[in-house]
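Novice: This is what each chain is made of:
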Amino acid sequence: MEQNTKQKTTQKTTRRTKQKKNVLSGHILFVVLATALVTALAMGINFLGRYTQEQLYKEASTQLTEITEQLFEKLTVQLDIQWSYLEKLEKEREDKSSMTQKELVNFLGRYEKLLQPANREITFLAVDTNGYYYMAQGQQGLWQGAENLDESEQKSFLIADWLTNENEMVFAQRVKKPFTVDQQEVTHFILLRSMDDMAPFFRSSAFNNQNTTYVIDSNGSKMFEDTVLPELNFEGRNLYYAMSQQHYPHMGEFDRVLEKAKVDSFACTDVVVNEKRYYLILKSIEGYEWSMVSLVPETAVAVSTRTMINSLIRLFVVILIILVLLGIASFFFVMRFRKNRELLGLKTQSELQLAQANQKLEKTNSDLEEMNSKLEEAQSTVAEALAAAKSASQAKSDFLANMSHDIRTPMNAIIGMATLIEHEAKSPEKVLEYTAKINQSSKHLLGLINEVLDMSKIESGKLVMNTAEFKLTDLLDQIQMSFRPQMEAKKQTFLVTEENITHKWLWGDNVRVQQILNNLLSNAFKYTPAGGTIRLTVLELPQTSAHYAKMCFRVSDNGIGMSPEYLSRIYDSFSREERTTVNAIQGTGLGMSIVKSLIDLMGGSIDVESEQGKGTTFEVILAFKISEKQDEIENKEEIVPEEDVTLAGLHFLCAEDNALNAEILTELLEIEGASCEICENGQLVFERFEQSKPGEFDMILMDVQMPIMNGYEATKAIRASSHASAKKIPIIAMTANAFSEDVQRSLSAGMNAHVSKPVDMKVLAKTVHSVQNGGGGQSLHKSLQRSNMSHMKERTV
Amino acid sequence: MRNLLEDTKQKGKKAMKKMTKETRLTKMKTALCLLATASMVGVPVESKADESAEHEPITIIDFNRDYTALMELVHETYPEINLQIEPYKGRNTSAYMKKQLVTGIMPDIYTSTQEWDAELLQENLADLSKYAVTDMYNQVRLNEFDVDGAIYLLPYDYSINGIGYNKTLFEKNNIEVPTSFVQLRDETIPALEEAGIEISDCLMNLPGSSFQYFFGIASTGFVNTLGGRAWQRQFIKGEEQASEALQSSVDYFQQWIDCGMMNMNRGSEENSDLMAHFMEGNTAFWIGAIQRFSQNEDGTGDQYGLLPYLSEDGSQNVYMTQNMRCYGLNKELEEPGNEQKLEDALHVLEVMSTLDGYSAVLGDVLSSMCSIKEFKVSEDSPYAKAVEEINNGHSAPILYTGWEDYLVPFGEAVRSWITGDMTGEEAVAVLDQMQEQEMSKGTTYYGTVTETLDTVQAAQLSGQIFMEAADCDAALISYNIYQPEVLSNLEDGYGANGKILPGEVSEEDITIFLPTGWYDTLQTAVLSGAKIKQMAEEGCDLRDNGYPYPYVFLTKDGQPLDDDTDYTVVICGTPKAERDSLGLVDTGIVGLDAAKEYFLRMGEISSAVLDDSLVQNAE
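The listed protein sequences correspond, in order, to chains A and B. According to my numbering, the first sequence is numbered sequentially starting from 1. According to my numbering, the second sequence is numbered sequentially starting from 1001.
Just so you know, the hints here were simulated from the structure itself, not pulled from any lab data. Heads up, some of the hints might be wrong.
[What the hints assert, rightly or not] Calculated cross-link-like contacts (lysine to any residue; reagent style SDA-like; alpha-carbon spacing at most 25 Å):
id	chain 1	residue 1	chain 2	residue 2
1	B	Lys1385	A	Thr164
2	B	Lys1531	B	Lys1556
3	A	Lys113	B	Glu1388
Starting from the given sequences, assemble the full structure and let the hints guide the process.
Specialist: In structure tokens form, the structure reads like this:
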């Protein structure tokens, strides 16, 4: 009995020990798993954080590099204007070898008055070999900056006023045609500008003025400071010293930033100041002994990307946390389950224990129910997280939805019409009708793709302005030609007015200017009811610089107008006003965003006034460098009515590597009454041309992207060959590379014009005609414009 | 003249009072400005100053400038800072400044009137370009003091020198103020002579004065053209000579002598005595620095004006501008352990570099031009017109840096020229001779000092030298001390000043501390032993204002004096009240000559040559 009791007690103890061991090993497993999970989670978050920071750094650096380039272009232009004043001063002076003091003083006074920009002080001096100087107020003593002058053609530095302690910037230019005043040789003309006047040129409005700028000399001494951000007010004259005290996460130390700036004249890096991260830009001002240092808060650079990445990180973290919670819940569930199994084992040994076990099982069941309810709660949390994820990617979805809808709509039409053609193949009328509709939808789709590509280029900062000489009136003619037929068809009155245009020949990216106007006019066309009036007024504004003409383009209509709420977000991408009258009109919602971006890139401005039911007026102001080209040397192109242009009788040599495209081209040319010979790559085209008799081909249509030898190389080879027609045979680029830089590249390679794919035979015919009539480079631009025009007609706000 | 006693008692506090009244608003600005400075990136954020904490004193030498008001102003923001002012009223301020830089023995805040050689600056002064105080200065002015991007000296204020004139006298006699030399010579001077008015008082107490007058007048022509400035640089390097280049200047200066404008009618009279003569009101022009624009300090009495040096036709008139003070910091402050001192010294500079600080430093002295960004010349400043002219190029810098070794010999030659003992050509030839000497053997040295001797020791050394040279029984040599109630320009300039710093000793180095300066002769008196002891005990009340300066009292062989016996005593610094009663006798022995002879004889000077047994206790 006693032995039994002992045995039972021993068994009980063994069981308890076993149970305890199980519980302990379960806990250890839990701790190990939890630690591994938390470690993995921390490592994952850390890696993700570092990775995104690195990507953001790269993007911000790229963005800042581009913005700095633009800022410097603006600054350089302003500084060049100051030098041009001095150039003009010297030109204005008559070529006399000597002047009296009075003549010189009067001359300086007159010129000063003539060039004085509105409300700005501008002072001209002439300095002689003694260092004495002359100004509008008469002869003076030894000029305080005289000892800084040397043999350099141009020199710039600061001087200070003793009365006010205010500084002036000196632009000193050595006199090219020396002359004497009272037997003293005048060596320099000087322009003085107060630093208050110059300050805006050094100031940057990028990043909403959230940047601090310093102009420093070669030793790092501050010459000018614009400390917008009080926390970035670096103490001491020597900025290099203050900068060397900061932490540079990517470059390590400031010396490396300086070294880079010395080699490349530019450096951009991140810097931590008082535990806050900024971007530092250091760039030499070319031609001066000065550099500009700008600091921008990290949060002001690549804002949209940063917001998107942060949302993704937050989402990632939420999901991870939920997973961890689920893991913990599952672990507890398993543990409880094991415990229950042990309890069931006990039931077979003792009824009493069974009863107890049953009780415990019931309790466990109740716990399990509770657990289930918790699991349901966890599921609900997951659902909420998913909703949050959906919400976070709403913007992207909106975009995709827009794009999906806008791409699918014309695609649907194209596919549908093609199916109908199959059914109605025997009815030529129907086939023609369906083909016309396919054409229309294709053009719309092409326009859409171009706009999305444009916007993508603008947003990525890769859009490059291609500056060339162009004639403003030609541009206006083109616009009229494009819009007048469709407006007349809609019984709209289209008025184009030119006012005070004194500079017709300008330097600028006329393709982009036309793109801007096309967008504005296209909107006016669409949103003005039949019988309405649309005006395009081009007005030259008073010049603020001798070398730049300021043009105002005003597009007004008496259409449906826009609501004030919508006006505030008119330039946002994918924005369209939600109105029944508007929604029926097709569009991507990118047009105005592109317009605004292009105008910003050109340094111009756009204003809009609109009232619902009364109409809309857009006013675009752009400055163009004035070309010296005159009208008389212009080769006027013969304007041929569209319907008179034909390709009939022409024999083309064509380069096209895609068999289907080659077949289509052959067919289309034949329809137009022309013939062609197709070669599969540039090499074959070149060889075929070499073997041809002079005059055998009227023209070459050149694809660009081809294997073995591309179109540019082939053109160069043709132009360099000894063939009698090598220099004169017209070559037209026919390519899917549709951006203006592609056009420029074609021109540089020696082609005469450019037609973008898919080929519109009317455009091709007009381009061929233009080239035949010696249209050259201008027609090259026009061909692109026409190609753009075809899809721009379908654009909308 | 106003009673100097009254002046002395009132002036120190007056500057403070004036500042309190007039600049209450700017004081607030100062505080804000200093707060803003402290908030700049990189400045350690300071906790509220602990008034009880003991800070090591920050030293500065006054060099004729009053820092008492500044001290008060500093205490308003930084009560814990102790600014300790060391006095100097000796005869060679610029040489002392240079010697400090050469030896590196200088106060915490270094003061200079010159820019000096870049290497000397780099070696001994802290680069201030990294500190916020440099942001308080105009960049262009700092450019002139830029050494490869470093700033060792802050150019503080500038004086404008020209020709002073008695405006009231001209108006009273209806004589037009001249605008060209031709007008001065042909119209003004004959009119003055006819009215019985003296033409000019020329301050000639220092050889440097006549040097500057010559170059001031020469600056209306060749010297202040680009060619002339190039010639100056080349001459200092020994690449150009003076005689030929300065011929037109010699001819022109001769005209100034001939017409009576440049004269030595009143010999080498001290500034205060000569000014007293000018203030009598019957002299038309004052040639020398002018710091007051009215006869009386309160603005009443005759009114004075400032003319430029006149060119012949008036088209190239020039004012001479001089950087009056530059401030730097002893490089030792940047050494480990001196962090608190460095911070305190920077705070003092920051306070000085505000408009309030400027008023405190300049006190009653009328402001001319200043490099502090905030500073603007007010329209009612007596310098306003001159500054406008200076803006128009009618100015030339005073020649000093690089010309140190020419100042005395050429200055003395110009004096001889004015008195007719030399021709202009001969005077200018001295420049060429000095240049040759400079290039071949350099400066003459009379001995070597091997350790720093303080002012009291300098007085004792002077006493030993003078007692021996004048063969006296005793010597009473006063020495300068700082007394907050006494304005710096009323300190003891007749006693020993400054420290004797180690290194080779030139004539210039001796004049730094020597009570007799360049030209003064030894003065002796025969007095009873009791009287001498009484004087030694009471000290030298130079201005009779109740603020006496102590004497170092020496006797021959250290023998005590018998009260009733008469002794010959050499005295440097006599109490104003007793100046006439002491029966002073001029020995004719120039103190500097005696000192040079002594230095040559001793070769090496240190505390070992000081015979303490000669020093008597006044009691």
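Novice: So, for every hint listed, does it hold in this structure?
Specialist: Here is what the structure says about each hint:
For the hint pairing Lys1385 of chain B with Thr164 of chain A, the CA-to-CA distance comes to about 13 Å; that is within 25 Å, so the pair holds. With a C-alpha separation of about 17 Å, the suggested pairing of Lys1531 of chain B with Lys1556 of chain B holds against the 25 Å cut-off. For the hint linking Lys113 of chain A to Glu1388 of chain B, the alpha-carbon distance of about 23 Å falls within 25 Å, and the restraint holds.
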